[in-house]
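Residues 9 to 188 (my numbering) are what the sequence shown spells out, left to right.
Incorrect hints may have been included.
What the hints assert, rightly or not - Restricting the straight-line Cα-Cα distance to at most 35 Å, the calculated cross-link-like pairs of lysine-lysine (DSBU-like) are:
1) K62 x K33
2) K62 x K81
3) K62 x K175
4) K28 x K62
5) K81 x K33
6) K81 x K28
The set of hints was computed from the structure by calculation and includes no laboratory data.
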Amino acid sequence: MSEDQSESEESLVTVARAVKTRGLKGEIEAELLTDFPDRFSETSHLIAVAPDGKRRRVELEGYWLHQTRVVLKIVGLDTIESASELVGHEFAVPESQRVPLPEGHFYDWELEGCVVENIGGTALGRVREVMRIGAGVEMLVVVDDAQHDHLVPMVQSIVVDIDIARKRVQIDPPEGLLEL
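With the hints as extra help, turn the sequences into a complete structure.
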């Protein structure tokens, strides 16, 4: 395990969070935070991010999926005690190694913080989060200047343009949507 200066400055994408040790050989059971669990088969290194933000590069010796979690085996962690030092850490990859999405699809973290404006260009607030309410329905949670949340359905008739580079989402809300 080592700290890498370039990786300590690059933006990261979190793929798992260590919740406990597993077994006697230093394995770590982690909550999956990626929609692409197969990415671990193509990953030889991860960035372990401590709760205080300190980063260190770890080498992935192996992994396997167990129910809704992933079990990670890190090189050099061969006992329960050594693996326990990473419990509570998040495991990430550099943003440059994120899985590419099809055109018109976005990661939640890309949308979070975007300014939301109507088609006339008036700012309405910022995206706080993307909420999934079941059956494939996604809502933007937009917080306005008065700290009120507004739910905006992610449908083409309402969300008319997303410009990730400019951190801007343009919407054409039906009458009354923002008053709810």
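Exercise for review: Given the hint that K62 pairs with K33, test it: the Cα-Cα distance must not exceed 35 Å.
Suggested key: holds, 25 Å
Review point. Can the restraint linking K28 and K62 be considered satisfied, given a maximum Cα separation of 35 Å?
Key: holds, 19 Å
Point to revise | Straight-line alpha-carbon gap K81 to K33, limit 35 Å | key: Satisfied, since the Cα-Cα distance of roughly 8 Å is no more than 35 Å.
Review point. Keeping to a limit of 35 Å between CA atoms, is the pair of K62 and K175 held or broken?
Key: holds, 27 Å
Review point. K62 and K81: Cα distance at most 35 Å?
Key: holds, 20 Å
**Study point:** Distance restraint between K81 and K28, which requires alpha-carbon spacing of 35 Å or less
**Key:** holds, 12 Å
Hint compliance for this structure: no hint is broken.
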